[in-house]
Structure formats: structure tokens, C-alpha cells
Amino acid sequence: MLSNFDFSVIPVSLPFIWEGLLYSFKLTITAMCGGIILGTLLALARLSGGPVLSRFAAAYVDTLRSIPLLMVILWFFFLIPLVTGKPMGAENSALITFTLFEAAFYSEIMRAGIQSIPKGQVNAGYAVGMTYWQTMGNVVLPQAFRNMLPVLLTQTIILFQDTSLVYAIGAKDLLKAAENTGKNYNRPVEMYVFSALIYFIICFSLSMLVKRLQKRIAIIR
Amino acid sequence: MIDIKNVSKWYGNFKVLTDCTTNVAKGEVVVVCGPSGSGKSTLIKCVNALEPIQQGQIIVDGTTVSDPKTNLPKLRARVGMVFQHFELFPHMSITQNLAIGQIKVLGRSKDEAIERGIKLLDRVGLKAHANKFPGELSGGQQQRVAIARALSMDPICMLFDEPTSALDPEMINEVLDVMVELAQEGMTMMVVTHEMGFARKVAHRVVFMDAGQIVEDAKKDDFFGKPRSERAQQFLSKILSH
Amino acid sequence: MNYQWNWSFFLDTAMSSDETYLDWLISGLGWTVAIAISAWIIALVLGSIIGTLRTAPNKLLATLANAWVETFRNVPILVQLFLWFFVFPELLPRELSLWVKQDMPAKEFFTATIALGLFTSARVAEQVRAGIQSLPRGQRNAGLALGFTQAQTYRFVVLPMAFRIIIPPLTSEFMNAFKNSAVAFAIGVMDLTFVSRQIVEESGHVIESLLAATLLYFLCAFLANRIMVFIERRVRVPGFIIAK
Ligand SMILES: Nc1ncnc2c1ncn2[C@@H]1O[C@H](COP(=O)(O)OP(=O)(O)OP(=O)(O)O)[C@@H](O)[C@H]1O
Ligand SMILES: [Mg+2]
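Chains as they are written, first to last, in the working numbering: chain X, 106 to 326; chain Z, 758 to 999; chain D, 397 to 640.
Hints are computed from structural coordinates only; laboratory data are not their basis.
Misleading hints may appear alongside valid ones.
To be verified - Per the computed footprint, the stretches of chain D lying under chain Z, defined by three or more beta-carbons under 8 Å from a beta-carbon of chain Z, are: (1) 526-535; (2) 541-547; (3) 550-562.
What the hints assert, rightly or not - For lysine-lysine, the following DSS-like pairs were computed, each having C-alpha atoms within a straight-line distance of at most 30 Å: (4) Z:Lys861 <-> Z:Lys889; (5) D:Lys503 <-> X:Lys277; (6) Z:Lys831 <-> D:Lys455; (7) Z:Lys831 <-> Z:Lys762; (8) Z:Lys995 <-> Z:Lys983; (9) Z:Lys977 <-> Z:Lys762; (10) Z:Lys826 <-> D:Lys455; (11) Z:Lys958 <-> Z:Lys995; (12) D:Lys497 <-> X:Lys288; (13) X:Lys320 <-> Z:Lys772; (14) X:Lys316 <-> D:Lys455; (15) X:Lys320 <-> D:Lys455; (16) D:Lys455 <-> Z:Lys861; (17) Z:Lys772 <-> D:Lys455; (18) X:Lys288 <-> D:Lys503; (19) Z:Lys783 <-> Z:Lys826; (20) D:Lys497 <-> X:Lys277.
Claimed, not checked - Just the calculated beta-carbon pair ranges, DEER-fashion: (21) X:Asn289 <-> D:Phe618: 37 to 47 Å; (22) D:Leu611 <-> X:Ala163: 12 to 22 Å; (23) Z:Thr775 <-> D:Gln546: 22 to 32 Å; (24) X:Pro120 <-> D:Ser493: 24 to 34 Å.
Remember, predicted model here, so these are calculated numbers, not experimental data.
For glycine and all other residues, C-beta sits at the position ideal for the given N, C-alpha and C.
Please construct the entire structure, taking both the sequences and the accompanying hints into account.
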């Protein structure tokens, strides 16, 4: 029962937890930035690329969206050494995996965002003499991005939660740090609770932020 | 039949209804009109307690609506209501729409409910559409079904909230015809509408609202002859000029 | 890269048992399907109740329902799984705790099912709430005006339409249940993910093993999608176009 709990392990664990958390953040931010850039390119390819390019983009996105992230993590973890001939390390492997995986999800969001911009906007861009890329970069994407900001952030919250899955290949993220400290100090139960609390506080605050953002964007429109 | 006494209502800090008093006697037809946002819908929704009131009293057929002890479902079952946007249940066929209230609220048998439903459907001229779904009917047809649905509960009075304002002009008359017939049969009716032709034809009294207040409550002929308030005059001249 | 393809190794007997790798794969698929479907049933029942309560007039119930959703939505599924597996038994009375830890049959399976079921219930609840709130307010009034009680209005008017409207998002949640069930390997359920890792390690045939598991996951997601599309067709309302 609760009386058996000993939370004095928590102050001791803080340096390790902090290190794990930093890696979780690094993974989240890398995958978010890389994923949004790659995802936007995929969305553009799907919407206005030639038949080959748009088919490739669609296949890429649909495939990654229908298999578990854990399987993708395993694929990259085992495949990269096969291709490059030398092991890469769980942490770096995860950075690549998450970027490529999340791109599929961000791509669908950006595609919806781009499609929500009226066709007249594109025509107006062309009408003042802009090229395709200028129209996209100056007219369409900024609006799409702004409209989709809450959804992009929500996806990022999910991404942050999903970083815990690097557990499968032993990368040292927040969860792994909590587990290791728990084992070393023989207090696994307390450390699991503590890590859950950290995840909750971060994700809950972020989701409150998204709610406020949604209201503000709804008013501006 | 419907007694509205000194009713006031707030949405938060915003006062929608201010000290409204009027009544509808048995067999009487009262038309409520007034500019947009004046509180007509709010007032009529208070009559069957779809909206709570904070002050005053509404009594329907001897039952005090705002009394917390009142069995609201039972009261509402006896008061028919027709909405601006029809509000048929889209996932039920027309027959089911007509039968569901009779079965679940009045406890009628399925056969009895369907028989009565079909009879009313015939009355509004839509018997051929019994097995369709609401989405497959035109607006005017849907609204006639909605009237039939309200009638299927054998109501003691009927409330109409702008029943024709969501309709295309050519469909308005088919709905008004049903309502006129109903009025001539002696149904007690409280009708929010801007159809002054309807008011001229069958109303006994006209209530004019502005900014949450009942500004004028007069016999039909007095209202159309010489409205006392300036606001009602302006409103009438605007509405009748086109 | 020159990779030695070999598909026939699936018929070999695994080193650490007397079953073939194919047997492993099939039983892994079985566990994955069992967890995903039982969790989905839990999620659907709880999610519907909680999503409905979130729109209820009763403030206290709505707040509790909201708290439920926020709790299960804001902690990673893997962490929730560990909480149920390692922490929850510690909170039980001594006898029960011992039984759970030592004697409970199929403990890993039940833990994974409950964890995934509750996690998914929060997401289902979110969809149910959105579906209910997307209906025009007049529908509820029309139900009440006919003399229905609040409960009857939900039962006959609000919920039948709300559920039809949210079938597309529920479809992806159902598919997510299969994908998310992959975390179960972490507490030792021998699901598809677990056995694919095991086969890679024992046989060394990386690509074939992962490909087989991936294709099976694909198949699950595809079938889940077909089932939901079938239901969607069956309950479609004539003349009513669901806005996509
Ligand atoms: N749920 C609500 N919350 C807050 N304010 C409301 C609500 N419903 C209506 N109001 C406000 O109350 C006032 C009266 O609304 P009501 O719908 O009764 O007007 P109305 O006379 O029926 O107008 P219309 O002819 O446009 O239907 C309006 O100013 C409206 O903005
Ligand atoms: Mg109105």
C-alpha cells in the first residue's frame, strides 16, 4: 500500500531524469521541425506534383500511417546497420526514424491546411506575377500554417508522448532514465509514477495552450 | 390556456426579456412579431420550458411551468411545437418521426401510433412520402411533417417559431395553408411569424415585441388599423412595403 | 548491400522451442487481435458514456468526465501500461496484491487490454463529445418539445445521429487500437511486435521477419477499416450527407 512508497528517491534522481528529459525534447523538436518541413514537401508533392511524385508521396504517407510506430522504430534500428555496415546507436537511429515517421502525419495536416485555402488565393498570387513557389511560399503556406497551428501542435503533443517508445531500442529518454534510476535505487514504482507525472504536466499544459490558441484563431477569422 | 405574467429572463448579464405579460385563451390564435433579436423565440421557448425564466410566471392549462415540481416532459407532451428549421429526426423515416413520441411518451402501441401518424400525414397531403427520410423531402414538405408530428401528440395548444422563414417563397403557402386550416378548426396557437397575410386572415390578437419587451398587445384589427406605438408603426410599414 | 533473402526459414523450428517461426507469428497475431479488440470494446463502452456525460447538463458529472479524458490523454500509453503493471498492484490490499503479482492468469494480457482500453476510451470520448456538439441545438429542443426526458432525448434523438457522424474518426481510432497494442510487448505479451523481435534475434533474418509482422499489422488495419466502412454503409441515412 501507499505506506510502502518512498519518494525520497526523487530528489536523487533529478539529474538523470533531466538528462532523459532533454533527450526526449531533442527528439521531439528535431522530429517536429524535420517532420513539418518534409511533411509540407510531401503534401505539395501529393497535391501538385506529377503523377509519379504524387503517387510516391501518397504511398509513403499511407504506408507509414497504417503501421505501428514501434515497428518502424525496429525497422530502422535493424536496417540502418545492414545498409551502412556499422551500428548507429539507438539515440541517432530514433532521430532519423521519428523525423521520417512524423513527416507522414504532418503531411496530412498540411495537406488539409493547403486545401482549406480558397483557389482564388492561388490565382491572385499568379495574377500578380508570382511563380508557383513564390505563390506557395508567400500566399498559401503562411495561411495554411496559421490555420493549422493548433492541429500541428496537437500532433506535436502526441509526438512527445510517442518518444517514450524508443524504450524498445534502449535509447535513454525520460522513461528509460526513470526506469534505470528506479532499478538502481530499488524504487521502480515511485519512479514510474514520477515519470508519468512529468509527462502529464508537460502534455496537459501544452494542450491547454492549444485550446487558447484555437479560441484566438477562431476569433481572428 | 397560456398565461405569461411579468416574465423576465437573462442570458448571463444580458437581459433578453423584460417584464413580459400576455396570454392566449382557449381557441385563440396569437401572432407574435417584432424585429430580429427582440426575444420572440426566447419568449415562445419559455412557454414549454425549453428555456428557464428567472422572474415571473408562466401557466399553461393550470400548470405552473417554472415550478420545479412540474413534470416537464409531461407538460411538453401536451404542448405542440414547430421549429424554424423543422428539426425532424434525420435518422428516422417520416413514419418513425410521427410515431416515436406517441410510442415512447404517450405509451401508445406501435400499430396505433403508425395509424394515427399516417392519418395526420394524409391530412397535410404527404401520405405518399410515409417511408422516405427527412433528407429526401423539400423544406416545405419537411415542415408539414413537423406540424403533423406535433399534432400526433394530440396537443392542447401549438407553438410555432417562425415556421416559414427558412423556406423558399414558393413553399411558404403550402405550410401556411395547413396552419390556417388548423386555426379555423379552433386550435389554440401562439405563432411567431412575419407573415402578416396569415395574421390578417386568422389571428385574433397580435403581440409586438422590441428589445425584449412587449410593446403592443392588441386585437388584430386595432393593430393593423392604428398601432399605438411608433416602433410598431415603423415595423409594419417596413414589412408591408415589400 | 547484398542481402540473402530466405523466406522458407519461417518453417524451421525455433531454437528456443519446438514450434516453427510461423507458429510464433500466428500466435503473435492472435494476441495482437485479442488485445486490440477487447480494448476497443472497453473503449467504445466507456468512451460513449464519458463522452455523453461531458455534454450533460449536470456540471459535476461533466467535470469528472473531462478529468477522465485529460488524464488518459496526457500520459503516453507505454507509461500508462507500466503504471497498471507495476504500480497498480501496489495500491491494492495485501492479499489481492499478492494474487495479482503471483497467481493471476494471463496477467500481462489483461493489463495490456485494460491499459489500452482506458487510453482509447479517452479518445473515443473526445469524438463522442464532438459529435454530439456538432448537432444543431434545435434537435435536442425538438426531442424535449415532444415530451421526451433528457435521457430519452439522448437515446432516441442525439446519440443515433452523433454516432453516425463520428464513424469516420472512430474508424481511425479502431485502427489506432491495433497499432497502439504494439506496446504490450513491453510487459511481455507475446504479440506481433514481441515475436518479430524474437524471430529477428533467433533467426537473424531481419527483413523477412519485420516484413511479415508489418504486413500482418497492415492486414489488421485494413480489416478494421473494412468493418467500419461496412457498418457505415449499413446505418447510412437516406438523404443525409455527412460533411467530410
Ligand atoms: N443561448 C443564448 N445565449 C445568449 N444570448 C442569446 C441566446 N439565445 C439568444 N440570445 C440573444 O437573445 C436575444 C433574443 O434572441 P431571440 O432568438 O429570442 O430573438 P428573435 O426575436 O427570435 O430574433 P429572430 O427574429 O432573429 O429569430 C438576441 O439578442 C440573442 O442574441
Ligand atoms: Mg427567432
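Each hint, compared with the structure:
no. : hint                              : in the structure
1   : 526-535                           : holds (count 3)
2   : 541-547                           : holds (count 5)
3   : 550-562                           : holds (count 5)
4   : Z:Lys861 <-> Z:Lys889             : holds (21 Å)
5   : D:Lys503 <-> X:Lys277             : holds (28 Å)
6   : Z:Lys831 <-> D:Lys455             : holds (25 Å)
7   : Z:Lys831 <-> Z:Lys762             : holds (22 Å)
8   : Z:Lys995 <-> Z:Lys983             : holds (15 Å)
9   : Z:Lys977 <-> Z:Lys762             : holds (21 Å)
10  : Z:Lys826 <-> D:Lys455             : holds (21 Å)
11  : Z:Lys958 <-> Z:Lys995             : holds (20 Å)
12  : D:Lys497 <-> X:Lys288             : holds (18 Å)
13  : X:Lys320 <-> Z:Lys772             : holds (26 Å)
14  : X:Lys316 <-> D:Lys455             : holds (20 Å)
15  : X:Lys320 <-> D:Lys455             : holds (22 Å)
16  : D:Lys455 <-> Z:Lys861             : holds (27 Å)
17  : Z:Lys772 <-> D:Lys455             : holds (24 Å)
18  : X:Lys288 <-> D:Lys503             : holds (22 Å)
19  : Z:Lys783 <-> Z:Lys826             : holds (25 Å)
20  : D:Lys497 <-> X:Lys277             : holds (28 Å)
21  : X:Asn289 <-> D:Phe618: 37 to 47 Å : holds (44 Å)
22  : D:Leu611 <-> X:Ala163: 12 to 22 Å : holds (19 Å)
23  : Z:Thr775 <-> D:Gln546: 22 to 32 Å : holds (29 Å)
24  : X:Pro120 <-> D:Ser493: 24 to 34 Å : holds (32 Å)
Every hint from the earlier list agrees with this structure, and none is contradicted.
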